[in-house]
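Kindly produce the complete structure, drawing on both the sequences and the hints.
Each chain, letter by letter, is given below.
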Amino acid sequence: MRGVRAILWLHALRSRRYALTLLSNALTDALWALIPLLGAVLAGNPSLAWEVYWALVAWMLIANSAWLVGSWLEYANFLGVLEYHVHAGVSPVSLALGRTVTLLTSVAISSTLSAVPLLAAGWKPSVADPAALAAALAMLLLQSLAYGTVLAVTALRVSVPSALLDIASLAQLGALLLPITADQLPYLSLIPLLGPAYLAKHSALSGVGPAALAGSALTTALVTALAAAYTRTTEKKILKTGFRSVGFV
Amino acid sequence: MAGGRVDLVRAGFHLWVSMYRRSKAALLVTLLRTYLVLLFLAALSGGTSRHSLAAQALVSLLITTTIDSMWDMAGSLLTQRLTGVLTYAALAPRRLSEVVLLTYVPRYLAEAALKALSLAPVLIALDGLDGLVLLGVALALGLLGALPLAGIGLLVAMLTLLTREEAPWLDWLIPILLILSGALYPVTALPGVLRLVALLLPTTYLFQAADLLASGSELGRLPALFASLAATGTAAGAVAFSAAGRIEAHLYEKGGQL
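First to last, the protein sequences are chains G and U. Positions in the first sequence are counted from 1; adding 171 to them yields my numbering. Positions in the second sequence are counted from 1; adding 19 to them yields my numbering.
Wrong hints could be hidden among the right ones.
[What the hints assert, rightly or not] Quick list of simulated restraints, FRET-style, between CB atoms:
no.: 1; chain 1: G; residue 1: Ala302; chain 2: U; residue 2: Gly239; range: 39 to 45 Å
no.: 2; chain 1: U; residue 1: Pro205; chain 2: G; residue 2: Thr412; range: 30 to 36 Å
no.: 3; chain 1: U; residue 1: Leu218; chain 2: G; residue 2: Lys407; range: 58 to 64 Å
no.: 4; chain 1: U; residue 1: Ala246; chain 2: G; residue 2: Ser377; range: 50 to 56 Å
no.: 5; chain 1: G; residue 1: Thr352; chain 2: U; residue 2: Leu151; range: 39 to 45 Å
no.: 6; chain 1: U; residue 1: Tyr204; chain 2: G; residue 2: Gly293; range: 19 to 25 Å
Just so you know, these hints were derived from the structure itself, not from any lab. A quick note: this is a predicted structure, and the numbers were derived from the prediction, not measured. The beta carbon of each residue, even a glycine, is placed where N, CA and C say it ideally should be.
If you want it as C-alpha cells, here you go:
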C-alpha cells in the first residue's frame, strides 16, 4: 500500500473536520444497541446483558465496515477524486481501508456509550475468556474490513449504492441476538462475519475451545484472500474501463 | 404556473423513476429491507406466533418508511449541496422547503406502496386470504404514514443543512423516534416523562393503529387513534414547516451553507 501514512493522516483529519457526523454515527449505533440491551437489563440477568453487549460490539464492527469503508469509494467516485489517486499510484481500495481510523473511533465511542446502562445497573464488565474475546474481535475486524472492501469494490462495478448493498446489517443483528450453545460454536465459527461475532459473544459467558478459534481463523484467511483477489480483478478492469461515474470536481 | 406545486411533484416523480430505472438492483434491495427489519423484530421479541409475525410485518413496513423519510430528504439535500445545485434549487420560485418536500412525495408514496406489496407473500402465507386484507391495511398505513413523517423528515433535512457536514448528522433521532413511538417496545414500558412525549408524537398513533389492525382486537379505538394521528400530524407538519422557513431565512443570510 503506497502512501499509507498520508492516507491515515487524511482520515484522521477528516474525522476531526467532520466530528459531528462521527459523533452522530456513534450515538446512532449506541441507541440501536440500547434497544436489545434494555431488554437484557430489564430481564435482570448481568451475564446475559454482557453477552448481548459483546454481540452488539461485534455487530457495530460489521455494520460500520459496510457504512464507513463500503460507502467510501462510492463517495470518492462521486467527488471525482479516484482518478487522481490512480494516477498517483495509490490504490482506491487502500484509500477506503484508511477509513479503519474512522471505524475504530466510532466503534470505541459507541461501545463506551452502550456500556453505560449496564454499568449504571451496577454490573461490572464480565468476560470469561479475555484472550478469546481479543482474538475473536481481531478476526472480526479483518473479516469486516474484507466485507467493507467487497462492498466498496462492488459499488464501483455495478453502480448500486453501497449503503443499499449493506442489506444484511439488520439481519446480522437479528442473527447475533439468537441464543447459541457451546457445542454449536465450532460449526458457527465457520460462518463469515457471524462466526467471530458469536465467539466474542460466547467469550463473555465461558471459555472458547481451540476448534472454534481455528475454524474462525480459517474463515478469516479465506475471506481476506477472496476479498484481495476480487479487488485485484476489479482494479485491473477499472484500469481498462475507467470509473462508472462523472465526478464534479 | 411553471414551478408550481404540481410541477414539483411531477419533477420528483420523473427523478425517482429515472433513478430506479437506472438501478433496478437498488430498488430490489430497498424492498428487501422490510424483511430484514422483520427478522430483527422477530429476533428481538422471540415471538414466532402467526399473529405476532403479521403485526411485526406491519411494524417493519412503518419502521422502514420512518427511517427512509428521515434519511432520504436530508441525504438528497446534502447531495445537492455537494454537487453545487442546491443554490439553484434555492433560487426556484417556490420555497426550498416546498421543493424538498414536494419532490420527495412521489418517492415516498411509490416506495411505501411497493414496500407494502413486498410483504404480500409473508402476509398471505400467514393468514391466507385474510392476508390480503392485511395487505390492504399495510398499504393504507404506509400511505397514511406520509402525514406524520413528511413534516418530521423535512425538519430533519433542513436542520441538517445548518452545519457543514458531509452526511446526515441527525440520524440518531431515528432510533429515539422509534423507541418513543412504541415501535419496538410498548409505550407503557417508558418512564412517565417520556410517555408524555410519546403522546405528542404522531408516529405513536400510527404504530398503535398497526398493532390493533394486525391483532383485530379493540378496533373500536381506531377512530380515536386516527383522529389523534391527524391532529398531532397536522400540528407537527405546521411546526416543521414554520421552523423550516426560519432555517431557510438563516441559510439565505449566511449563504455559505448552500
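Against the structure, the hints:
{"no.": "1", "hint": "G/Ala302 <-> U/Gly239: 39 to 45 Å", "result": "violated, 60 Å"}
{"no.": "2", "hint": "U/Pro205 <-> G/Thr412: 30 to 36 Å", "result": "violated, 54 Å"}
{"no.": "3", "hint": "U/Leu218 <-> G/Lys407: 58 to 64 Å", "result": "holds, 60 Å"}
{"no.": "4", "hint": "U/Ala246 <-> G/Ser377: 50 to 56 Å", "result": "holds, 54 Å"}
{"no.": "5", "hint": "G/Thr352 <-> U/Leu151: 39 to 45 Å", "result": "holds, 40 Å"}
{"no.": "6", "hint": "U/Tyr204 <-> G/Gly293: 19 to 25 Å", "result": "holds, 22 Å"}
Consistency with the previously given hints fails for numbers 1, 2, ordered from lowest to highest.
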